[in-house]
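One-letter residues, chain by chain:
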Amino acid sequence: MEHFFGALTFVVLYGGTYGVVLFVLSIGLVMTMGLMRVPNIAHGAFAAIGGYMAVTMMVKWGINYFAAIVLATLCVSILGAIAERTIYVRLYRLPELDQILVTLGLCFIVIGSLALAFGPNVVSIPLPSSLTEQIGLFSRSFPLYRLFILAVGIVIIASFWLVFDRTSFGAQLRASVDNRSMAQATGIPVNRVVMLAFAIGTGLAALGGGIGATLFPLEPLYPLKYLPLIFIIMALTGFGNIKSSIAVAILVGITDTAGRYFLPELGGFVIYVLVIIVVALRPAGIFASRRGA
Amino acid sequence: MKIVVLSHGSAVVGSRGFRWTDFALLVIPLVAVYFAFPSYLSLASYVVIMAMFALSLDVALGLAGIVTLGHAVFFGVGAYAAGLLAIAGWQEPITGVLLAACCAAALALVSGPFVLRLTGLPQVMVTLLIAVLFYEAGNKMGWLTGGDDGLQGIVVDPIFGLFEWSIYGTTKYVYASTWLVVIFFAVQRMATSPFGLALRGIRENRLRMQLIGSPVMRHLMVSYMVSAFIAGIAGALLAQTTEFVGLGVLSVETSIDVVVMLVLGGVGHLFGALLGTPLYLLVKDLSQQWNPHAWMIVIGCLLVFVTLFARGGLFGLLHALHDRLRGRNDEGNS
Numbered sequence: 001m002e003h004f005f006g007a008l009t010f011v012v013l014y015g016g017t018y019g020v021v022l023f024v025l026s027i028g029l030v031m032t033m034g035l036m037r038v039p040n041i042a043h044g045a046f047a048a049i050g051g052y053m054a055v056t057m058m059v060k061w062g063i064n065y066f067a068a069i070v071l072a073t074l075c076v077s078i079l080g081a082i083a084e085r086t087i088y089v090r091l092y093r094l095p096e097l098d099q100i101l102v103t104l105g106l107c108f109i110v111i112g113s114l115a116l117a118f119g120p121n122v123v124s125i126p127l128p129s130s131l132t133e134q135i136g137l138f139s140r141s142f143p144l145y146r147l148f149i150l151a152v153g154i155v156i157i158a159s160f161w162l163v164f165d166r167t168s169f170g171a172q173l174r175a176s177v178d179n180r181s182m183a184q185a186t187g188i189p190v191n192r193v194v195m196l197a198f199a200i201g202t203g204l205a206a207l208g209g210g211i212g213a214t215l216f217p218l219e220p221l222y223p224l225k226y227l228p229l230i231f232i233i234m235a236l237t238g239f240g241n242i243k244s245s246i247a248v249a250i251l252v253g254i255t256d257t258a259g260r261y262f263l264p265e266l267g268g269f270v271i272y273v274l275v276i277i278v279v280a281l282r283p284a285g286i287f288a289s290r291r292g293a
Numbered sequence: 001m002k003i004v005v006l007s008h009g010s011a012v013v014g015s016r017g018f019r020w021t022d023f024a025l026l027v028i029p030l031v032a033v034y035f036a037f038p039s040y041l042s043l044a045s046y047v048v049i050m051a052m053f054a055l056s057l058d059v060a061l062g063l064a065g066i067v068t069l070g071h072a073v074f075f076g077v078g079a080y081a082a083g084l085l086a087i088a089g090w091q092e093p094i095t096g097v098l099l100a101a102c103c104a105a106a107l108a109l110v111s112g113p114f115v116l117r118l119t120g121l122p123q124v125m126v127t128l129l130i131a132v133l134f135y136e137a138g139n140k141m142g143w144l145t146g147g148d149d150g151l152q153g154i155v156v157d158p159i160f161g162l163f164e165w166s167i168y169g170t171t172k173y174v175y176a177s178t179w180l181v182v183i184f185f186a187v188q189r190m191a192t193s194p195f196g197l198a199l200r201g202i203r204e205n206r207l208r209m210q211l212i213g214s215p216v217m218r219h220l221m222v223s224y225m226v227s228a229f230i231a232g233i234a235g236a237l238l239a240q241t242t243e244f245v246g247l248g249v250l251s252v253e254t255s256i257d258v259v260v261m262l263v264l265g266g267v268g269h270l271f272g273a274l275l276g277t278p279l280y281l282l283v284k285d286l287s288q289q290w291n292p293h294a295w296m297i298v299i300g301c302l303l304v305f306v307t308l309f310a311r312g313g314l315f316g317l318l319h320a321l322h323d324r325l326r327g328r329n330d331e332g333n334s
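Heads up: the protein sequence lines correspond to chains A and B, in order. Oh and the first sequence: position 19 is 19 in the working numbering, straight run, nothing missing. Oh and the second sequence: position 53 is 53 in the working numbering, straight run, nothing missing.
Worth double-checking, as some hints may not be accurate.
Said to hold, decoys possible - One side of the interface only, derived from the structure: several residues of chain B facing chain A at Cβ under 10 Å:
| hint | residue |
| --- | --- |
| 1 | I94 |
| 2 | L98 |
| 3 | L118 |
| 4 | A131 |
| 5 | A137 |
| 6 | R200 |
| 7 | G201 |
| 8 | L247 |
| 9 | I256 |
| 10 | V263 |
Derived from the structure by calculation, the hints contain no laboratory data. Idealized CB from N, CA, C, for every residue including glycine.
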């Protein structure tokens, strides 16, 4: 029994943290997909830039871990706002394949630049000693770092909930996702909402890249390597369905971890096969019932 | 990508079918390379094989509008099938290629129902995931694929029992080029047939084709299988000519590479695949010599530039040039 609880805690804690990082990494893409219908292949690139920025600040300039991550998040969200106004704004009226190609091109440019600047190997992020301690739960020990990620995730989810449901920006965002032209007609500054949402989304991706750097190691190919995972969250969520993406990300995290833990010889297959079947059966997302794709 | 429909439409759908000018445009460069670069024929046969792979993608993406980021699955399955056949003792090359291509087409028959009922992003997603799945499977099933070490010791009989595989790559090059010419004209024949027109209709407006009673799913399925078959041929040729199959043939990078090759050359014109592949490989080689990481940046910039400012890729540019040189004489005839 003790063993079972140990295993269960392991799966829930590791899967949960994995899911939280996935959520933070992909929420921006879910939002912008809903707002702009641009499948932004370069989304992971913003996460990688954030992670690398945090590492640089810590190693080169000696900035504290937490401060570095906050600073990197802010920098990347400004970068995201600039990219939205200069590059992405050109893509809205293009066919989907063109959008994919341009963002793939951006992704390549970032990968090449990261490789030039930091070399082709994995760069590890030095964790502060306060996060590397172990705590015991059900006769197993878990790093405090995992709990930290969970806490960050809960804070982000709670503030998302508040902003989304309780502020007028949230209402504008929801309206723009649901019906862009109608929102514009009622006087909502949709372009500004889109830019802000893009900035928030890329900033959160950078945050995910920073705090998740031990789960998803930083390397130049990061934006392409984790693209399938980010896409899985988006595909299962459906376009712009921000609330369900929380559930989806945590579900994917726990399923994948459970799959790898209980059926190690199958490894990552469990999640891929499940997702292919789900997407083929319900192209609009698991929880989509209100609207079609 | 919106396919550029030219004023007279002949570049997309040449209603006259086989044309000697096309034949000359394809064969003369192939022959010229044979005589101009006799010491680089192994490399040249690699380019020819990748061009065939890009051509197979053009059947799915350019003709039928199936957007895929997982086409390497068929290439890889063809390569592994050909390699395993040769190792198992089936060393006749041409039937080996055809059998391997049939394996790839069979896979398309199985994965098609998942992929083809979707459009847009979900379709891209599922093709990408299937590709990831196969790469992981290839990695895990080391007893079959050789895992990271790859399949080694592939030995193939001389072609027709007559032409030995020379170390200079002459046989390889002629063999791969012959396949390319045959497949190219078969694809061109298909593109200009009523079936090809139906595919074009599906690409432009799927719902409308359904409404006028066209069997959309069946057409898509056939085009997907043809595309997989050709990709399988390309993979099998790669296995036979390099006598090696590595996991790289199944990787997502290969899938993305082939999309970029096709886009640089121009989607939907068949010749675009043949132009884009050498361009891509040349740019990759030159920029890698300059700096090993720079090529990603160069290819990324090219991709952004071509998509935003040079729709139709290299083929589109050449065609615009051709039109300008002829002073748009034939505008009134069409």
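List in ascending order the numbers of the hints, as given earlier, that are violated by the structure. 1, 2, 6, 7, 8
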